[in-house]
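**Q** What follows is the residue order along each chain.
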Amino acid sequence: MASQNNDNSAYWQENLKLLAKLLVIWFVVSFGFGILLVDFFNQFQVGGYKLGFWFAQQGSIYVFVALIFYYAKRMGDLDKKHGVEEE
Amino acid sequence: MELKILTYIVVGITFALYIGIAIWARAGSTKEFYVAGGGVHPVANGMATAADWMSAASFISMAGLIAFMGYGGSVFLMGWTGGYVLLALLLAPYLRKFGKFTVPEFIGDRFYSKTARVVAVVCLIIASVTYVIGQMKGVGVAFSRFLEVDYDVGLYIGMVIVFFYAVIGGMKGITYTQIAQYCVLILAYTIPAIFISLNLTGNPIPQLGLGSTLVGTETYLLDRLDQVVTELGFSEYSTTERLSTLNMFVYTMSLMIGTAGLPHVIMRFFTVPKVSDARSSAGWALVFIAILYTTAPAVSAMARLNLHETIKPSDTNQELVYAERPQWFKNWETTGLLKVEDKNGDGRIRYVADKAENEMVKVDRDIMVLANPEIAKLPNWVIALVAAGGLAAALSTAAGLLLAIASAISHDLLKGVLRPNISEKNELLASRMSMAGAIVVAGYLGINPPGFAAGTVALAFGLAASSIFPVLMMGIFSKKINKEGAIAGMIAGITITLLYVFQHKGIMFIPGTSFLGDMGPNWFFGIEPNAFGAIGALVNFAVATVVSKMTPETPEEVQELVESVRVPAGAGAAQDH
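Quick mapping for you: the protein sequence lines, in order, are chains A and B.
Take -6 as the starting number for the first sequence in the working numbering and just add one per residue.
Take 52 as the starting number for the second sequence in the working numbering and just add one per residue.
Rather than coming from a laboratory, the hints here were simulated on the basis of the structure.
No false leads were mixed into what you were given.
Chain A is nowhere near these chain B residues, computed Cβ spacing over 12 Å in every case:
(1) Leu68
(2) Gly88
(3) Gly90
(4) Val173
(5) Phe246
(6) Phe285
(7) Leu388
(8) Tyr402
(9) Asp405
(10) Asn499
(11) Phe553
(12) Leu589
In silico DSS-like cross-links for lysine-lysine, where the CA-CA straight-line distance does not exceed 25 Å:
(13) Lys476(B) / Lys82(B)
(14) Lys413(B) / Lys394(B)
(15) Lys406(B) / Lys394(B)
(16) Lys531(B) / Lys14(A)
(17) Lys600(B) / Lys531(B)
(18) Lys10(A) / Lys531(B)
(19) Lys413(B) / Lys428(B)
(20) Lys10(A) / Lys530(B)
(21) Lys165(B) / Lys531(B)
(22) Lys381(B) / Lys406(B)
(23) Lys74(A) / Lys14(A)
(24) Lys14(A) / Lys530(B)
Each residue gets a CB set at the ideal place from its N, CA and C atoms; glycine is no exception.
Bound-form chain A, shown alone (with noise of 0.2 Å):
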């Protein structure tokens, strides 16, 4: 019981970090680029989008759903590293 604590806690730390380091960049792709940074992004031109513009209007929202697809992924890896996934 006490080892099984033990492995739930190290668990724990993983998805912790994992958890931070995603919600970093959910952070700096929206909040960053599209609306702190959005003029100097701004004076960059992809095609005919102002690139601050299309980080708050497309790219961030591309972003955000590979973000979930990729913590599910590690998720599903770190489940079965620590053994505790479903059955």
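With chain A's structure known, arrange chain B on it following the hints.
**A** Same frame as chain A, now just chain B:
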């Protein structure tokens, strides 16, 4: 006449389909009624979640809002999608592991308190009822325009259909109907967008068309739009902020955490078989949502350009003669959503930013999506499909919200607190009755709407953000937050948000009762009322943390409960208890 018949046929077919599914998949037990039996495939749940969550506001109002806000409208695009990252990473898998029926049920168990559960129910009902008003308005608008009946009558028809549909269905029926509704609404949204993008830019993919040049020119669409609107005195499309950088930041945050805190969305993740399914299902939901959400900004910019081109075509540079206005213009004047006043008496329509000169005295934002196919001269069946799509979006969300409200009343209040020994049959009956009550309240508020659809909806997000999201997150990620902290946090968060809104918008939105007046200078750091949820959430976090420090520690068995929701192993199907 032909269009009207076609619209009746298309809308009729979709309604028959929904009702057919609802009857085929009607709920026979409370488990089926609340969580669809717990065996929904993650991709199917993703699709149902997309329909559940993409409301009349997303479908009808959002592109119109962005069309007139330009870059500032990005708050809706990022806010209403970014929340899924929070949901997938911070809430959905853990709440699925907990494995019960409702969101207040988790709050009640985690904070070992019936009071906490009741406070959560109250917060849920306030947020969900506010949200349902927007759907009712969407139903009224769609009916009144496409089936040529009064707004009020349209709303009554909508209420009857929602009533029939939500009461029979339960979560099981709602799930499968929402999948059908998603297909209808996404086709209805993307087909006109593809045609319009093709017309304007020659590129059939709206997401690429928005960044392309206009047909036959070297000018980028967005540059041309910026030029057209600034010449008429409007603010530049691609750069104009929504009030201020801080306001945009806070507004986006409010919508994100509000999305993650909306009970009718969270509930959908109780229907998948496993914890790992809850994670991937959130990803699928966002894929299906992103198809509409990355198309919407293209629709916004293109519709805005089309509108200006109609009233003052760039090739002649002459303002449109009122007597020569196109048919769609007349149609929308009849509904009262467009209104022209020939102020200078020259028989032409002048559309400029200057209020004293502007003759387009009313341009309802919702027109940008609803009239889009007509403005772009698309065939009648596309117009009929848009009608069906708008109704699908409104009905699917209304059904999800009504289920959240009904289950909070019947499962949390009645069975959880007042009558723990109630039989399953009676609980099911009670749930159906509370749905009926909610529909009547929502209908009344839909006839006296507090703002245009997306405005009301944005407020609901603020309320969910300030009350439900923080307490769920703290419940999972901190063992220290106790019963007293959670209760005080929820009450403080939602109270401060409601006070801020009422202070500016009137108590219960009754005009003239705002105690400081809805004036920009009175806004806290220039933050608009709809954006205040993030501040309410901060207050919630802070109050809960401080109060928890001053009161007795969380009991041992509750700490073990927190441990158990953190690991997937041992999750069963959603359990009865």
